[in-house]
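Undergrad: Okay, here's what each chain looks like letter by letter:
Protein chains: 2
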Amino acid sequence: MVRNLKAAVYHGREDVRIEDRPEPKPGKGEVKVEVKYCGICGTDLHEYYEGPIFIPTQPHPLTGKKLPVIIGHEFSGDIVEVGEGVKGWNVGDRVTVDACIVDWTCPMCKRGMTNYCYNLGFNGLAADGAFAEYVVVPAYQLHKLAPNVSYEEGALVEPLACGVEGVRASGMKEGDTVFIAGAGPIGLVTLLAARAAGAREIYVSEPMKARRELAKQLGATEVFDPTTVDVKKEVLERTHGIGVDVAFECVGYEPALNSCIDVTRKRGTICVIGIFPKPVTFDPFSGLVATGKHYVGSLAYEGVDFDISIALIADGRINVKPLITKKIKLDNLVEEGFEELHKHRERHIKILVSPK
Amino acid sequence: MVRNLKAAVYHGREDVRIEDRPEPKPGKGEVKVEVKYCGICGTDLHEYYEGPIFIPTQPHPLTGKKLPVIIGHEFSGDIVEVGEGVKGWNVGDRVTVDACIVDWTCPMCKRGMTNYCYNLGFNGLAADGAFAEYVVVPAYQLHKLAPNVSYEEGALVEPLACGVEGVRASGMKEGDTVFIAGAGPIGLVTLLAARAAGAREIYVSEPMKARRELAKQLGATEVFDPTTVDVKKEVLERTHGIGVDVAFECVGYEPALNSCIDVTRKRGTICVIGIFPKPVTFDPFSGLVATGKHYVGSLAYEGVDFDISIALIADGRINVKPLITKKIKLDNLVEEGFEELHKHRERHIKILVSPK
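Listed in order, the protein sequences are those of chains A and B.
Each step along the first sequence adds one to the number in the working numbering, with nothing skipped, and position 36 is 36.
Each step along the second sequence adds one to the number in the working numbering, with nothing skipped, and position 242 is 242.
Check the hints yourself; a few may be wrong.
The list that follows gives simulated cross-link-like pairs (lysine-lysine, DSS-like), each with its CA atoms no further than 30 angstroms apart [as the list claims (entries may be wrong)]:
| id | chain 1 | residue 1 | chain 2 | residue 2 |
| --- | --- | --- | --- | --- |
| 1 | A | K278 | B | K233 |
| 2 | A | K173 | B | K173 |
| 3 | A | K144 | A | K278 |
Rough simulated footprint, nothing fancy, chain B against chain A, three-plus residues with beta-carbon under 8 angstroms [stated by the list, open to error]:
| id | segment |
| --- | --- |
| 4 | 67 to 76 |
| 5 | 271 to 277 |
| 6 | 282 to 291 |
| 7 | 334 to 343 |
Since the hints were derived computationally from the structure, they do not count as laboratory data.
For each residue, glycine too, the CB sits at the ideal point set by N, CA and C.
In isolation and in its complexed conformation, chain A is listed as follows (with noise of 0.2 angstroms):
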């Protein structure tokens, strides 16, 4: 008798529909997880609004699946089913799951960087995710939850993942004074994770008094609006007159990518984490050459964030409870999850779903 899972299937550009569906089995090398919170990602609202844009509509070349698909890939839950040849992995496992999905053949992913796999592919896009009662994935993402860390918490290790591979990829060191462009999800987990890397002193750029107010309180040394202040000059006047050493653009718009290039001294980095929906003009002979600035991308993670994520929240270095705003039931997904996201964006950062 095949059993019966509720879950949010992806049909098209608003058409999130919550479905019955047959119970997923797991298979070689496979877990099946009861999933307790799953997280809204800005890519499910873009997906939502505006897509498909990752969610496949021929077969993805890793997977085979298009859409319809289960979304969400932000998720915690504990294990309730092992399949074959899977080793250290048991019922009852408390996990979160890194949603990347591995392309053994691909020329980066045997380097460990499967964030830049050439077959990109993530659960809850290319293959079924989290916004479910219970989710099948490859045992190597799987990534134990420390005792102390709640499922709520857990949920929020794969975004807070997203913070330290940029700060990781920056080459951010110990010492450094950090510039972050916006203070949404992305712009607060880092934030978070530089933070917890030792950044001297962060200046945050951001708009929303909402959101400018929680950089402060998750350590943020000053916080700026770049509507009614000049942050090139408030951010020069206090680092010397040279400028940050890093600088994160996390919101995907070209004055915030100027603000960052401004404000970073010589041989300064800035790391691009923010989706840029189109070109931007830029001065290679201002920006590269004459002043000798790096510039790097960081996209999504690799499993050793995961880890890292985990273990900073485990050992109180990070607090993420601060980024939970609303918890939401999973039959209330589109209403009281998206339109409430996309309506009221100043009120919230992250909203969790849970099941049942």
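Given the coordinates of chain A, work out where chain B should sit on it, guided by the hints.
TA: Chain B in isolation, oriented as in the chain A frame:
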């Protein structure tokens, strides 16, 4: 009695005069060098035809100097007089000179990154240079030529140091695959430096036939004419479809930069050395975030690049002699040097000027 020396004096655009000037005396911490050879740099040409660019028209913050100024900064010679307080240098020492003037109060100079000084100035631009019989320089700029490095080779150390700095700034590692856009003087010294650094394969794109041939002679794996072949296709075919590890932009031209971006693998590095006269259009999504590519600029050199360059020439790992395409006398600098390079770029890489 004040003796005179012969020197090429820059008075303004297309106004360089061979003049008699009072012979300089080395002050405290300075030495006087009798110039043997001084190469013509692309920067000299830019100053002559489009300048003043780097030559100050107001007193330079470091040197107090403004035009008219004696130009020339790629040189070798003998120490003929040692000023007060100079230790470790003697009359008769064969030397070349790192022309970067250090600002000991600058936060970048204090970190050893003198090429990113906030008051950047060079001999031959912001202070009198070496298209002259004698030049006075601070002793901290001196680098001793190995006994088997000729004065001609000694004058090539300065441009080679730019290539060494580029390779070091790029983070290129032994075994990396490399692409170089442009085989002019900077592209070729970068090629030499990348070969000496253990690059596995080096692909060069260059429209001029003579320069492509020289690149091949100097060790390029393959050379491509971007006006007749699809460089992206050719390089990707030779690099497992993913591209090279490191690309060097040595032109300062948007299509060349785009070539570099196109042929560099995910998480690879694009090092920009070319001087761009204007901004470009750049896509931070495909160029940075989605592909994790790194960008770094490289300008001139640090002092250590001179020691590296001299050592690599001295032990035969780098042969700079094929770069010398003509030797002329100082009296003919404008006609046989600047004008010849301007009219017949395809015939030349480096013209050396001797004052006598």
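Undergrad: Please go over all the hints and tell whether each is borne out by the structure.
TA: Hint-by-hint comparison with the structure:
no.: 1; hint: A/K278 with B/K233; in the structure: holds (25 angstroms)
no.: 2; hint: A/K173 with B/K173; in the structure: holds (22 angstroms)
no.: 3; hint: A/K144 with A/K278; in the structure: violated (38 angstroms)
no.: 4; hint: 67 to 76; in the structure: violated (count 0)
no.: 5; hint: 271 to 277; in the structure: holds (count 6)
no.: 6; hint: 282 to 291; in the structure: holds (count 9)
no.: 7; hint: 334 to 343; in the structure: violated (count 0)
In terms of the numbered hints stated before, the structure departs from hints 3, 4 and 7, listed from lowest to highest.
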